[in-house]
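A.B. asks: Make the complex out of the two chains shown on their own, each in a separate frame, by following the hints.
If you read the sequences in order, they're chains A and B. Read in order, the letters of the first sequence correspond to residues 13 to 125 in the working numbering. Read in order, the letters of the second sequence correspond to residues 342 to 454 in the working numbering.
Treat the hints as calculated values from the structure; they're not laboratory data. A quick note: this is a predicted structure, and the numbers were derived from the prediction, not measured. A hint or two may mislead.
[What the hints assert, rightly or not] 20 Å max Cα-Cα, derived DMTMM-like pairs, lysine to aspartate or glutamate:
1. LYS106(A) / GLU17(A)
2. LYS49(A) / GLU442(B)
3. LYS49(A) / GLU414(B)
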Amino acid sequence: GENVEQHPSTLSVQEGDSAVIKCTYSDSASNYFPWYKQELGKRPQLIIDIRSNVGEKKDQRIAVTLNKTAKHFSLHITETQPEDSAVYFCAASKSGGSYIPTFGRGTSLIVHP
Amino acid sequence: NAGVTQTPKFQVLKTGQSMTLQCAQDMNHNSMYWYRQDPGMGLRLIYYSASEGTTDKGEVPNGYNVSRLNKREFSLRLESAAPSQTSVYFCASSNDGHYNEQFFGPGTRLTVL
Numbered sequence: 013g014e015n016v017e018q019h020p021s022t023l024s025v026q027e028g029d030s031a032v033i034k035c036t037y038s039d040s041a042s043n044y045f046p047w048y049k050q051e052l053g054k055r056p057q058l059i060i061d062i063r064s065n066v067g068e069k070k071d072q073r074i075a076v077t078l079n080k081t082a083k084h085f086s087l088h089i090t091e092t093q094p095e096d097s098a099v100y101f102c103a104a105s106k107s108g109g110s111y112i113p114t115f116g117r118g119t120s121l122i123v124h125p
Numbered sequence: 342n343a344g345v346t347q348t349p350k351f352q353v354l355k356t357g358q359s360m361t362l363q364c365a366q367d368m369n370h371n372s373m374y375w376y377r378q379d380p381g382m383g384l385r386l387i388y389y390s391a392s393e394g395t396t397d398k399g400e401v402p403n404g405y406n407v408s409r410l411n412k413r414e415f416s417l418r419l420e421s422a423a424p425s426q427t428s429v430y431f432c433a434s435s436n437d438g439h440y441n442e443q444f445f446g447p448g449t450r451l452t453v454l
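Next up, chain B with everything else stripped away, as it sits in the complex (with noise of 0.2 Å):
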C-alpha cells in the first residue's frame, strides 16, 4: 500500500497564479484533510472531508476551495496566490470513529513568490 500520497513535491509560483495540489489514499478512509505547516504554528486545518462528497472549513479556509472527487481523492485549489499561502501543505486521512490515527502524505513545499 502506497498509503497517502501528494503531488507535487514542491511548487513556486508567482503571485496570483493558480494551482491545485493532489492527494490520495488507497487505505478506504472516509475522512480526508487539508493542512498547512508554517514555523512555529503547528498544524493548522484547512479544510478537511469526512466522507465522499462532503467537505468543510476548517480553522484556515481563505484563499483555498477543495474537491472531494471520490473516496480515494481530495484536492487543494488555490485561485490567486499570494506569499501568505507559502507553506508546508499536508494532506491526511483517518478511519472512522473518534479514537484513530491520521495518516499523513509527504508533503508539499509551496513558494509564492
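Isolated chain A, as found in the complex (with noise of 0.2 Å):
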C-alpha cells in the first residue's frame, strides 16, 4: 500500500519567516495530493491541493509543488503569521476505486510573534 512521510515533525519559525514542510511518498500511482492544517482542539480542514498533472499551485501565501519523478511534494508558506501556527497533514491518493487517502504523521508549526 501507499506509504506517506512528512519532515519535519515540529518547525518553529519568526513571523514573516517562510516555512516549508516536506513529503514523499511511495505509489507512483499516487495522483492526488491535499493538505490540511488543524488548529489546537479542531477538526483537520482543507487548505490546499494538487493534481499530479500539475507541477505547482498557489492560493495567496500558500503554494503546493510536486515532482512526481521524485515522487515527493511540499507546503510552501511566506510571510508566516501567528495563526499559521497549527498542525499541517499531507495525504496520497490514487485514482480507481474507493477515495482513501493515506496522510503523514503531520507537521506542527509554530510561528514566533
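C.D. replies: Take a look at the structure:
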C-alpha cells in the first residue's frame, strides 16, 4: 500500500519567515495530494491540493509543488503569521476504487510573533 | 448546513466497557470514514463506507465495528474498550469521485482507564 513520509515533525519560525513542509510517497500511481490544517483542538480542514498533472499551485501565501519523478511534494507558506500555527497533514491517493487517502504523520508549525 | 457532526465530544470509559460513537453528515455524501488520531501518528483509518450498506476495513480496524445506518449516519462501536483505544476519533465524509475534499467532524476525545 501507499506510504507517506512527512518532515519535519516540528517546525519553528519567526513571524514573516517562510515555512516549508515536505512529503514523500511510495506509490507512483498516486495522483492527488491534499494538504490539511488542524488548529489546536479543532478538526482538520483542507487548505490546498494538487493533482499530478500540475507541478505547482498557489493560493495567496500558500503554495504546493509536486515532483512526480522524485515522488515528493511540498507545502510552502510565505510571510508566516501567528495564525498559521497549527498541525499540517499531507496526504496521497490514487484513482480507481474508493477514495482512500493515506496521511503523513503531521508537522507542528509554530510561528513566533 | 451543519456539515459533519459527532457525539459525544468527550467520553471516559473503564476497560471492558462498550460504547458507540455517532456521526452524521448533511451534505448528501456517499463516502464516510472513521479515523483515530494519536500524537505523532497522524490520521489512521479505522473503517470506511463507500456507500450506504457497505463498509470496509482500514489500517487499524481491530477492536472496532461500524454500522452505516443510512446515507447520513455512520457509527463506530467499541465492544470492549482497552486503554490502547484512548485517542481522538474523527468522522469524515466526502463526495464521490477521486479529487475530493474530506470534511471532518469536530472529533470525540475518548479516554479508557
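A.B. asks: CA of LYS49(A) to CA of GLU442(B), is that 20 Å or under?
C.D. replies: Distance ~13 Å between LYS49(A) and GLU442(B) Cα, so the pair holds.
A.B. asks: Run the distance test for LYS49(A) versus GLU414(B): straight-line Cα separation, threshold 20 Å.
C.D. replies: 25 Å, violated
A.B. asks: Sort out whether GLU17(A) lies within 20 Å of LYS106(A), counting only the CA atoms.
C.D. replies: Judged against 20 Å, a Cα distance of about 16 Å means the pair holds.
Of the hints listed earlier, the one the structure fails to meet is number 3.
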